[in-house]
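Put chain B on the given structure of chain A with help from the hints.
From first to last, the protein sequence lines stand for chains A and B. If you read the first sequence in this note's numbering, its first letter stands for residue 24, the second for the next number, and so on. If you read the second sequence in this note's numbering, its first letter stands for residue 24, the second for the next number, and so on.
Read the hints as simulated data drawn from the structure, not as lab findings. Since the structure is predicted, the reported quantities are computational estimates derived from the model, not experimental observations. In this text, a Cβ means the ideal position worked out from N, Cα and C, and glycines have one as well. Hints are supplied without guarantee of correctness; some may be wrong.
[What the hints assert, rightly or not] Covered stretches of chain B (in silico footprint by chain A; criterion: 3 or more residues with CB under 8 Å from a CB of chain A, positions within the stretch not fixed):
{"no.": "1", "region": "127-136"}
{"no.": "2", "region": "243-255"}
{"no.": "3", "region": "320-332"}
{"no.": "4", "region": "375-381"}
There are 2 protein chains.
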Amino acid sequence: MHADIEHMCAHSAPRQRLFTPGPTPIPARVQTAMAGPVVYHRGPDFPALLRGVAADLKTVFPTPHDLLLLACSGTGAMEAAVANTLTRGDRALVAQAGQFGARWADLCRAYGVDVNLLDFPWGTAIDPDAVADALRKDPSIRAVFATQSETATGVLHDIEALAAVVRQTGTLCIVDGVSSVGAHPLPTAKWGVDMAVTASQKGLMLPPGLGIVTVGPRAWEATVRSDLPKYYWNLSAYREALSEGRGPATLPVTLLSGLRAALDMIEEEGLEAVWTRHAWHAGAVRSAARALGLSCFAQRPSNALTAIGLPEGIDGVALTDCLRTRCGVVIGGGLAHLRGRMVRISTLGHVDDLDVLTAVAALEMGLKHQNWAFPPGSGVAAAEQALAVRQE
Amino acid sequence: MHADIEHMCAHSAPRQRLFTPGPTPIPARVQTAMAGPVVYHRGPDFPALLRGVAADLKTVFPTPHDLLLLACSGTGAMEAAVANTLTRGDRALVAQAGQFGARWADLCRAYGVDVNLLDFPWGTAIDPDAVADALRKDPSIRAVFATQSETATGVLHDIEALAAVVRQTGTLCIVDGVSSVGAHPLPTAKWGVDMAVTASQKGLMLPPGLGIVTVGPRAWEATVRSDLPKYYWNLSAYREALSEGRGPATLPVTLLSGLRAALDMIEEEGLEAVWTRHAWHAGAVRSAARALGLSCFAQRPSNALTAIGLPEGIDGVALTDCLRTRCGVVIGGGLAHLRGRMVRISTLGHVDDLDVLTAVAALEMGLKHQNWAFPPGSGVAAAEQALAVRQE
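One chain only, chain A, in its complex shape (with noise of 0.2 Å):
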């Protein structure tokens, strides 16, 4: 049968469309360079990869701050900042508003850290004067943890408001960015960002497995006085291999080859380009649910993704798995407690106008599965006037 033919018959399996928040698609310019010979980690043409990535990157936060990579996920670049800065005993505080937020807390209380949580309701941002009244109460705090783009809820923090807060003590700030890399600037030097993480398969286009730490002077000041155990985490180690070219354990060197390109097209269409499509394509998706009698979830919505909550009569899981199996269109349902009540929909990453109009088309026909009433094509048409705004 025709391959286009058997895509429009109601049994075949439709492509896969992905717009779930990480992993984000991959564009076939850094598929291909993925797919290209294996660079050896200790042969001549590594050290130019990885000191050109590395510094390449550092543009993208933007920061000036050192730039380590490691082969881990998100979660483990995250441990690498508590496990390099903090000693058994400190205190930290930890402001979040959701799943990834809590991580901190999670990965603070796992190395004995005392961890004084200050919690938001899901989908509200953090308020940088409780931050400051946290502070002021207790001086002791060596460290304030925070999300900049909280995947659970769409919600982008404001860090840059909370690093001014916590650049008035001598606290360090260190921030997930994560899912907000490539989505929103991070320029940790200009706010006061002592240390910041990402990973690879966000804003970054590529496959998970590359976790990614920047480092302050600050930051660097303090992994002296840390004691925590670290090897594989130990980022003065990293530092040092860096400065000749290599990794202290074998780097995946795929990814990075994958990084150079997605770098390459970063740099090409501009990184103000790349946050102003974003912000417009996040915008499109807003509007929609909008004109679809939805609501955002996020009090501070991120660019990165956007949290559609759902009224009673719609089924999250059901509508998610609706969208997956009809229409090939990956998209995240609500975490936790949220459940069934919620849709994530990522325009992360490799993400053009017509993939908008796509997901929102998709939810449209989801939401008419379940029954939902509106006129049809108002989502669209709502996406499409706010995408044209921009083309104007």
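Same frame as chain A, now just chain B:
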């Protein structure tokens, strides 16, 4: 210019042929699998993929023990073994005869574990009697760490004999199988090995980035007592998550898709046949080395790689450079104090008979370039002869 003619030109770059002891060549089938649609790690297709590769990978060791997959290099998997089984102040015995054996000691020390280092000369094999002796002298030793195939020296340590002496005590036996699994059997339960680790970029024919840990019942018991801090390396969390068909942190989904293809290839060839192929190929390289008047460095040679000791008058660094630049053949050099005095030719993973002859032919060209006297073609002839016996 026609591609074939281009490759014959002295000034054009030859095609790369990888004979390094990791990363090893990636089969086209594995590349294709990794270039397929990215599997969403929270989607419905992921649990079957994860459980399937975790189950089938057990047959490659072979092991009936739990098998867990982590996003990390082999060193990360080694750290997980240490961090889950020991407690600060514990005593461990590290039996080592090369750079990768020494890594166990570094890892233990980073966690405050007291190391009894049983050092054997590079090129020799661990003496199980010496281990038995050390365990008798110090019954407080909690774990014995060793390496199966020492990549720095090309030695295959006798893990069966080592585990047998460790088994006579209550001590754990933990083995680095990073460069051996896929080339040699490592039947953990049968031999009495409590934990074994490996990684993706060796006999499993994948890019680096996937760490693998097997955990037997005695090792699980030890995890209960272990109080070393861990979050990313917490193997109990991986076991629990695997039972739900997921990872506690984002797993490298493309490597899992590649692993599926690699395991299918191993199954189709037959595991015994894969081991036999490695034996013949390494044997052919050893025959060639001897025919060329060179020596095999390893007392008890591994089939994963062949370490060839170089006599005075041959510069190993220049030799590896020459092979790379003139022939595109990438081999390993001598590590640490053996730099310049050794070459290491790997026949690990996706290697066929003609690949072996290619590597030997390149070695001949490199030796000729250094005015080493030998009958031209004698290395290839010896390798051909060794391989011909098999084909009869």
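- Does the region 243-255 of chain B contain three or more residues whose Cβ lies closer than 8 Å to a Cβ of chain A? The restraint on the region 243-255 of chain B holds, since 5 of its residues have a Cβ under 8 Å from chain A and three suffice.
- With a C-beta cutoff of 8 Å, work out whether three or more residues of the region 320-332 of chain B approach chain A closely enough for the coverage to hold. violated (count 0)
- Task: Between the region 127-136 of chain B and chain A, see if three or more residues pass the 8 Å beta-carbon test, and mark the coverage as holds or violated.
- Result: holds (count 5)
- Query: Holds or violated: the region 375-381 of chain B covered by chain A, criterion of 3 or more residues with Cβ-Cβ distance under 8 Å?
  - Reply: violated (count 0)
Violated hints, in rising order: 3 and 4; the structure is consistent with all others.
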